[in-house]
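J.: Chain residues, written in single-letter form:
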Amino acid sequence: MFGDYTLSQLGSIFVMQGFAGLILFSVYVLMALGLAIIFGQMGVINMAHGEFMILGAYVTYLTASFVQSHLPALFSVYFFVAMALAFVASGALGMLTEWALIRHLYRRPLDTLLATWGLSLILQQAFRSIFGAREVGVELPQWMLGSLPITDTIEVPINGIFVMGLTVLITVAVAYIIFRSRWGRQVRAVVQNRVMAGAVGINTERVDRLTFGLGCGIAGVAGSAFTMVGSTGPTSGQLYIVDTFLVVVFGGAASLLGTIASAFSISQTQSTLEFFMSGSMAKVITLLTIVAILMLRPQGLFALKVRK
Amino acid sequence: MIENTRFASRSELVGIAALALLLVVVLPLTLDVFRLNLVGKYLTYAFVALGLVLCWGYGGILSLGQGVFFGLGGYCMAMFLKLEASSPENTKIQSTPGIPDFMDWNQITELPLFWQPFHSLTFTIAAIILVPGVFAFIIGAAMFKRRVGGTYFAIITQAIAAILTILIVGQQGYTGGINGMTDLRTLKGWDIRPDHAKVVLYFVCVACLFGCIFVAQLIRHSKLGRILVAMRDKEDRVRFSGYSVANFKIFAFCVAAVFAAIGGAMFALQVGFMSPSFVGIVPSIEMVIYAAVGGRLSILGAVYGTLLVNFAKTSFSESFPELWLFGLGGLFIAVVLAFPNGVAGLWSDYVQPRLVRLVTPRKAGWSAPNAVAEGAPAE
Amino acid sequence: MLIGQQPKDFLLSVEGLTVSFDGFKAVNDLSFYVDENEIRVIIGPNGAGKTTVLDLICGKTRATSGSIHFRDRDLTKMRENEIVQAGVGRKFQTPSIYDDLTVFENLEISFPRGRSVLGALTFKRDAEVRERVHEVAEMIFLKDRLAMRADLLSHGQKQWLEIGMLLIQDPELLMLDEPVAGMSVSERVKTAELLHRIIEGRSVLVIEHDMKFVEDIAHKVTVLHQGQILSEGTMDKVKNDPKVIEVYLGH
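Read top to bottom, the protein sequences are chains B, D and X. Residue numbering for the first sequence follows my numbering, starting at 1 and increasing by one per position. Residue numbering for the second sequence follows my numbering, starting at 1 and increasing by one per position. Residue numbering for the third sequence follows my numbering, starting at 1 and increasing by one per position.
Hint data in this document are derived by calculation from the structure and do not stem from the laboratory. Please note: incorrect hints may appear among the correct ones.
Pairs of lysine to aspartate or glutamate, DMTMM-like flavour, derived with a Cα cap of 25 Å [claimed, not checked]:
1) Lys234/D x Asp177/X
2) Lys237/X x Glu36/X
3) Lys190/X x Asp216/X
4) Lys234/D x Glu172/X
5) Lys60/X x Glu235/D
6) Lys145/D x Asp22/X
7) Lys190/X x Asp126/X
8) Lys60/X x Asp32/D
9) Lys220/X x Asp9/X
10) Lys124/X x Glu110/D
11) Lys77/X x Asp177/X
Among the chain B residues that face chain D by a calculated CB cut under 7 Å, a handful are [claimed, not checked]:
12) Leu22
13) Asp111
14) Met164
15) Val242
16) Val284
17) Leu287
Ideal placement from N, C-alpha and C gives every residue a C-beta, glycine not left out.
Chain B on its own, in the form it takes in the complex:
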């Protein structure tokens, strides 16, 4: 399949597809980060994670429309406001969900999965009732449009670079929160031994709620970033949930580094394959490879051997 291209063309193809893959990688990482916190740290499967992301996307869309019609002067920077709002909206809904639903089910992971699936259906229908069934797009400010030419044959879109920068920033922040801050230590303490953590004075309920809220909030930010690379519809979130879970599981559930590495390898494989075959076959082959590897190595790429 490489025969029809010259060597330099192939080089450009790989770089361009690689870059396209990097955008996909950014979206995966952002979505997976929230999931890695909720699933990796709390052990909760949140099937509505995609809907929390889409909530962030809709908030971004609303902000964009509002700024455009009322404060056109500020349009060039609206995106930062939208991201903050998306974080707050998804985070708040996440905390509400934890309080109303998740906290009753900590010992029943499979039931949590079903209940959050129910929540995802409700959210989807709510989106449809409020925003309509049609997909909406967000208009980007002028400075984000266009691309940077690097060589004659290679150019990269600016919004892609922006999303990537954002991803790096958020990843560093999350890594700091989970692994360096006092609160992160509390989260890990609660995960490892709930009763003991409670006994030494950690407010486990509060930690649970904030952790879940943080994970959902990050999903909201991911939704903001998502509007730059795709259009938003009521069921857009559902399309990504399985991919995102695979990213987290493939990386080894508790490992942040693993999540990033697996998001990278999965997105690169898919976007490179996409150039040589139809998108659906590329996806089938990527997913099949992951599932096959997971069957041989269920603990994922990065995992510790622990004393049970």
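We have chain B already, so just place chains D and X on it with the hints.
T.: Relative to chain B, chains D and X alone:
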């Protein structure tokens, strides 16, 4: 009572008889052919729910990919029917007569190799059982031998459902793509479309369902059924009683897969088409809710749960299409938070004691007609 | 003792056994031997690796290096259920029984027949099974509780039930992890009596803190400390070992 190892206790026999009365006598006498066919379609999902009761309710293995097996069974059946409907005489207007229409539309000029054996009904019936069974065995062996289970297994099965759907949709020349295989007409020359054929197929479906219920009861009342319960409770202890936990899980998963596949095949026969919309993540999880609503530990409950949810879905979708997803979503949450034992649990907790109280004063020793009560896993 | 066997033929030979969890060696180059019909008690302070040793023998934890030979078979290469079928039974520290099943069914599942999938499917509750279950139930003081769901039993009764489940397996090597822990005084006496009866005719490996109980049953005592053997021998010898007194008995 504790020494009872037959396939059903007395009260269960009454329940099975009540279900048989409903499905074999009451519904066919009261419903028109259109509605009866609809019930027949719902019942094909009950096969899936029945399998889930065994593997999820009893074995604790939640598969979110049962649509895969439903689809494999359905597609095997549909391939046979499609080949019969694509005889050279029927398809003489095509550029390549004698192959299914969607292949012709996709510039395929020769029947693919894996389609060839589906000219034979015997092969097709064997494939309906074996393809999903072997596939489930491979997945089960790979996962359970490595001690993978719980949510992790659920995610993997979900991914497999996603993969199969994308594959079917993407390879439309070989599978009929997103529209699926439509326009299925005859089974060995017998037209499956007219009303009387639909009634016959309904009864075939009910017969198969009772066959599966019988098998499920046998398993539940054997020592294997008790081992499944024990495993869900204390997997390690079962291992240290000398059992290979993985093998028992593989068995339960394979049985559930074969049940689902039989349901899929009956679906293709009764509804006259098969499409990827019954394979993917969404239908697969929806089938779990049938088992959950019926009561995850109740074999007969699976049938009632399936019928209830689907009747609700049909009537909601007819009058308030927007409310249905809210309703279904709420159902997922309610059944998990408030009624973990589903309809069967409600029946045995509230209805049955009252019935017993009503009946016993008049005639002692007569057990209540409990249709779905079998909340306790062991007698 | 079987006649004709070589005198150094142990039932269980543990040699050079090591397991490390992420660099921490919970059991470190451990070797010991158990004779046929020997009652061996393992004692040691918390975290000495006692339970880990039982986990390693029964296959719950995989050894990093070393070997565990049971007669002539290497247990480190076998799956848990194969180890059980070879004749090793294990009782856990906290009672591990099936809450959703009745006492009868708990015992029946442990009956050593029909352990394959097909075997379990075609298993018949015949006279032999019923007799054996009743016999064992009588020994473990649960004869009139056979139809009761196991989660309704008291803590002590659950311990007995688990002992009964082991008994019905009829293992050649019986491993007990703190069999009298958490029991009332009267339950303790009954359990001691029960254990005396069931350890006859087989080898037993016991972890126990109750020194009176240990003295009562042990043929030989192994003292573990930080994953290694600190001392081994008769109770008298161990009791007077200055190293043991320092780390364990002295406290």
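J.: Each hint should be assessed against the structure and marked as holding or not.
T.: Right, here's what the structure says about each hint:
Straight-line distance between C-alpha atoms of Lys234/D and Asp177/X comes to about 17 Å, which keeps the hinted pair within the 25 Å bound. At most 25 Å may separate the alpha-carbon atoms for a hinted pair to count; Lys237/X and Glu36/X meet this at roughly 22 Å. This hinted pair checks out: Lys190/X and Asp216/X have alpha carbons roughly 14 Å apart, not beyond 25 Å. At roughly 24 Å between alpha-carbon atoms, Lys234/D and Glu172/X fall within 25 Å of each other, so this suggested pair holds.
Proposed proximity of Lys60/X and Glu235/D is supported: the alpha carbons are some 12 Å apart, at most 25 Å. Of the supplied pair hints, the one linking Lys145/D and Asp22/X holds, its CA atoms being roughly 24 Å apart against a limit of 25 Å. Of the pairs offered as hints, the one joining Lys190/X and Asp126/X is violated, with about 30 Å between alpha carbons and a cut-off of 25 Å exceeded. Taken as a hint, the Lys60/X and Asp32/D pair is broken in the structure, with Cα atoms around 60 Å apart against an allowance of 25 Å.
Restraint check: the Cα-Cα separation between Lys220/X and Asp9/X comes to about 17 Å, which is no more than 25 Å; the hinted pair holds. A distance of roughly 54 Å separates the Cα atoms of Lys124/X and Glu110/D; the hinted pair therefore is violated under the 25 Å criterion. Taken as a hint, the Lys77/X and Asp177/X pair is honoured in the structure, with Cα atoms around 23 Å apart against an allowance of 25 Å. Against a cut-off of 7 Å between C-beta atoms, the interface hint on Leu22/B is violated, since the closest Cβ of chain D lies about 23 Å away.
Evaluation of the Asp111/B hint against chain D yields a held restraint, the C-beta minimum of about 5 Å falling below 7 Å. Given the 7 Å rule on beta carbons, the hint for Met164/B is violated: about 26 Å separates it from the nearest Cβ of chain D. Proximity of Val242/B to chain D holds as hinted, the smallest CB-CB distance being about 5 Å (cut-off 7 Å). For the restraint placing Val284/B at the interface with chain D, the shortest Cβ-Cβ distance is roughly 5 Å, inside the 7 Å limit, so the hint holds.
Interface restraint check for Leu287/B: the shortest CB-CB distance to chain D comes to about 5 Å, inside 7 Å, so the restraint holds.
Comparing the model with each earlier hint shows violations of hints 7, 8, 10, 12 and 14; every other hint is respected.
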